[in-house]
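A.B. asks: Take a look at the letters that make up each chain.
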Amino acid sequence: MKVSYREALREALREALAQDPRVFLMGEDVGRYGGTYAVSKGLLDEFGPDRIRDTPLSELGFVGAGVGAALGGMRPIVEVMTINFSLLALDQIVNSAALLRHMSGGQCAVSLVIRMATGAGRQLAAQHSHSLENWYAHIPGIRVLAPATVADARGMLAPALADPDPVILFEHAQLYNLEDALPVERVWHACDISRAAVRRTGTQASLITYGGCLPKAMQAADELAATGIDVEVIDLRVLRPLDLDTIAASVRRTHRVVVVDEGWKTGSLAGEIVARIAEDCLYDLDAPPRRVCSAEVPIPYARHMEAAALPQVAQIVAAVKEMLNV
Amino acid sequence: MFEFKLPSLGADMDEGKLLEWHVKPGDKVKKGQVVAVVDTSKAAVDVEIWQDGTVFELLVEPGTRLPVGSVMATLLEDGESAPARKPVTLQGARKGEARRKAPPPEVAAEAVGVRQAAELAPPGRPRVSPAARKRADELGRDIARIAGSGPGGVVTLADVERAVVVPTAAAAAATPAAAAARQAEMRRTIAAAMSRSKREIPHYYLFETIPLARASEWLAGVNADRPITERILMAALLLKAVAITLKGFPALNGFYRNERFEPADAVNAGVAISLRGGGLVAPALHDVDSKTLPVLMRELSDLVRRTRAGSLRSSEMSDPTITVTNLGEQGVEAVMGVIYPPQVALVGFGRIAPRPVVDEADGDLRVLPAVTASLAADHRVSDGHRGALFLGALRELLQHPEDL
Numbered sequence: 001m002k003v004s005y006r007e008a009l010r011e012a013l014r015e016a017l018a019q020d021p022r023v024f025l026m027g028e029d030v031g032r033y034g035g036t037y038a039v040s041k042g043l044l045d046e047f048g049p050d051r052i053r054d055t056p057l058s059e060l061g062f063v064g065a066g067v068g069a070a071l072g073g074m075r076p077i078v079e080v081m082t083i084n085f086s087l088l089a090l091d092q093i094v095n096s097a098a099l100l101r102h103m104s105g106g107q108c109a110v111s112l113v114i115r116m117a118t119g120a121g122r123q124l125a126a127q128h129s130h131s132l133e134n135w136y137a138h139i140p141g142i143r144v145l146a147p148a149t150v151a152d153a154r155g156m157l158a159p160a161l162a163d164p165d166p167v168i169l170f171e172h173a174q175l176y177n178l179e180d181a182l183p184v185e186r187v188w189h190a191c192d193i194s195r196a197a198v199r200r201t202g203t204q205a206s207l208i209t210y211g212g213c214l215p216k217a218m219q220a221a222d223e224l225a226a227t228g229i230d231v232e233v234i235d236l237r238v239l240r241p242l243d244l245d246t247i248a249a250s251v252r253r254t255h256r257v258v259v260v261d262e263g264w265k266t267g268s269l270a271g272e273i274v275a276r277i278a279e280d281c282l283y284d285l286d287a288p289p290r291r292v293c294s295a296e297v298p299i300p301y302a303r304h305m306e307a308a309a310l311p312q313v314a315q316i317v318a319a320v321k322e323m324l325n326v
Numbered sequence: 001m002f003e004f005k006l007p008s009l010g011a012d013m014d015e016g017k018l019l020e021w022h023v024k025p026g027d028k029v030k031k032g033q034v035v036a037v038v039d040t041s042k043a044a045v046d047v048e049i050w051q052d053g054t055v056f057e058l059l060v061e062p063g064t065r066l067p068v069g070s071v072m073a074t075l076l077e078d079g080e081s082a083p084a085r086k087p088v089t090l091q092g093a094r095k096g097e098a099r100r101k102a103p104p105p106e107v108a109a110e111a112v113g114v115r116q117a118a119e120l121a122p123p124g125r126p127r128v129s130p131a132a133r134k135r136a137d138e139l140g141r142d143i144a145r146i147a148g149s150g151p152g153g154v155v156t157l158a159d160v161e162r163a164v165v166v167p168t169a170a171a172a173a174a175t176p177a178a179a180a181a182r183q184a185e186m187r188r189t190i191a192a193a194m195s196r197s198k199r200e201i202p203h204y205y206l207f208e209t210i211p212l213a214r215a216s217e218w219l220a221g222v223n224a225d226r227p228i229t230e231r232i233l234m235a236a237l238l239l240k241a242v243a244i245t246l247k248g249f250p251a252l253n254g255f256y257r258n259e260r261f262e263p264a265d266a267v268n269a270g271v272a273i274s275l276r277g278g279g280l281v282a283p284a285l286h287d288v289d290s291k292t293l294p295v296l297m298r299e300l301s302d303l304v305r306r307t308r309a310g311s312l313r314s315s316e317m318s319d320p321t322i323t324v325t326n327l328g329e330q331g332v333e334a335v336m337g338v339i340y341p342p343q344v345a346l347v348g349f350g351r352i353a354p355r356p357v358v359d360e361a362d363g364d365l366r367v368l369p370a371v372t373a374s375l376a377a378d379h380r381v382s383d384g385h386r387g388a389l390f391l392g393a394l395r396e397l398l399q400h401p402e403d404l
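Top line first, the protein sequences correspond to chains G and C. Residues in the first sequence are numbered from 1 upward in steps of one, following the numbering used here. Residues in the second sequence are numbered from 1 upward in steps of one, following the numbering used here.
Heads up, some of the hints might be wrong.
Said to hold, decoys possible - Derived DEER-like restraints, expressed as beta-carbon distance ranges: (1) C:GLY26 x G:GLU223: 38 to 44 Å; (2) G:ASP245 x C:ASP137: 42 to 48 Å; (3) C:GLY26 x G:HIS138: 39 to 45 Å; (4) C:THR229 x G:GLU279: 51 to 57 Å; (5) C:GLN330 x G:GLU279: 55 to 61 Å.
As the list claims (entries may be wrong) - Residues on chain C that point at chain G, a partial pick, calculated with CB under 10 Å: (6) GLY79; (7) PRO126; (8) PRO130; (9) ARG199; (10) PRO202; (11) LEU300; (12) SER301.
It is worth saying that the hints were derived from the structure and are not from the lab. Cβ atoms here follow ideal geometry from the backbone N, Cα and C, with glycine treated the same way.
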């Protein structure tokens, strides 16, 4: 049976709420409205208003409340509607959640999970289309996850809650309707939030990507395969700390790299990955690494211009072909 | 307009196969520049041009086998302007010398790579991917000899792997079948040259035991101050001694052609180098008599390395005025050499070993290092008397190594 990415997230929430009384969900419109992306639909009726809490439009306030609840021994899941609004909560995330263990000499742990939607592609215009995952991946003290498959949407929440330190889960807005068959329960129950995944093995180039760009990379790999070009696809899954071993192992197999990242190229996660490859794998490279990233403009509203600004399958295919000189 | 013809890269060569061009129409070339790589059946040789000019047309495609003297390209002299007709690139060879067979695909692929590289790559350092460079190192392959197929002519990993099957002397062992075919071809080439030598050249042979005590001591002193990699071997000393001595014996240094002897001005010693897969090449070290020992040693090492890597230059193949062979390394006592036509002499050295030697100063018998030097010479050009004087002079010179 196929399950949507949205339903998988909801099942994961339901399971966490049912199993641990310390777990509660709060955020804007998560209760009566059922969540802006309908992830928490029905949970208010099932678990009641104490555990599914609507908050005022104040990210700094309610993310801070989440940090406090975690310090008090709860296991809060805080939903920030989109990554754009999380900028208002940066102080709580970067200065409090990420640092309190350090500042308290190990006395305090902030066992907080923050979920937020990220990315563009839904014609929501420049202020609602950011991909700023790399900002969070820059910060020591937090783990940053980017589930890009239905299985990861189902499996990542439990280990995130089990992590004694803050974890941020980025749900790409274009993935919510993605449908796939869930693997057997023991597979997502054993979900590992430290490793990248090889989504497709190949020999001629490695497409390294995460989140909303994974389906694009997979499609590009299919199109390349139709022309006889065999590429590998790596899903980073964990944006901090990066699984450099999996990246390096792939580069050593294929000798060519294209990083696909919806972030802007300048100062991007893609830049970090290329730098690590240059440091660790230079002598395995058979071509300069390439990045397929968003155009360096505010993401446009008009559909055709938005599409032109974002990484697309054709660009990935072209980058690989250029690299192979075919 | 002048023509660039396939030169003879040794008396035993009557045809060659173009492996690749290093130039394209419009390129300016300088005297001495390597313009093409030609397989002589003994080695892949970098062929130089001996006149400045601008490439107008390339008339032969890589993979074509053609007789010595065939026109391979036409060039414009400096100041000359191009004729009105459009240059045509890379046709089959002219004058009915059509390709006898299609080039092997790897060679054709290489040639395409070369053209792209020439068109797109900026001048300067060759563009080689880090992985390709590393792999070439592992395989001991000369990256400069591999054409790139990557974007902008970059040499990629696949190019290095593919280069394994390119027919250079170094790559001869790539596949057993190719190696065997190459062996057979080289054997035939050597057979032709040596048969001609024994058929045409009336050899005479002379031997002389040369004490090397002083030379050994002197060399040990010189080497004491030098790092191991820069130590001078006795082989270099012997080469230089032969070259200097030859200056007084012009009848041993040159060519016998068209029923007459042509003495050579320079002493270009052909150094017999055995190839790992079997067979033999004797490329030239130029002007041996006028080079210092460290320079000579460096050039000798370089020549051996390049011979075994299959990257000799055409002038090295055709220029030797005498051959020097040093079979002592294999442990034999003396050599009776076969002269490489059209040369007129060959000097051989056996093993350097302790021998009972009568000291000429006091008549005492001593055990000292010595070597048996031999001379095989062409009786049409010189007589035993001259030859004997030559070996005597060589012996005397080696008693004064500081003069070398």
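A.B. asks: Of all the hints numbered above, which does this structure not satisfy? Sort the numbers upward.
C.D. replies: The structure conflicts with hints 2, 3, 4, 5, 6, 7, 9, 10, 11 and 12, although it agrees with all the remaining ones.
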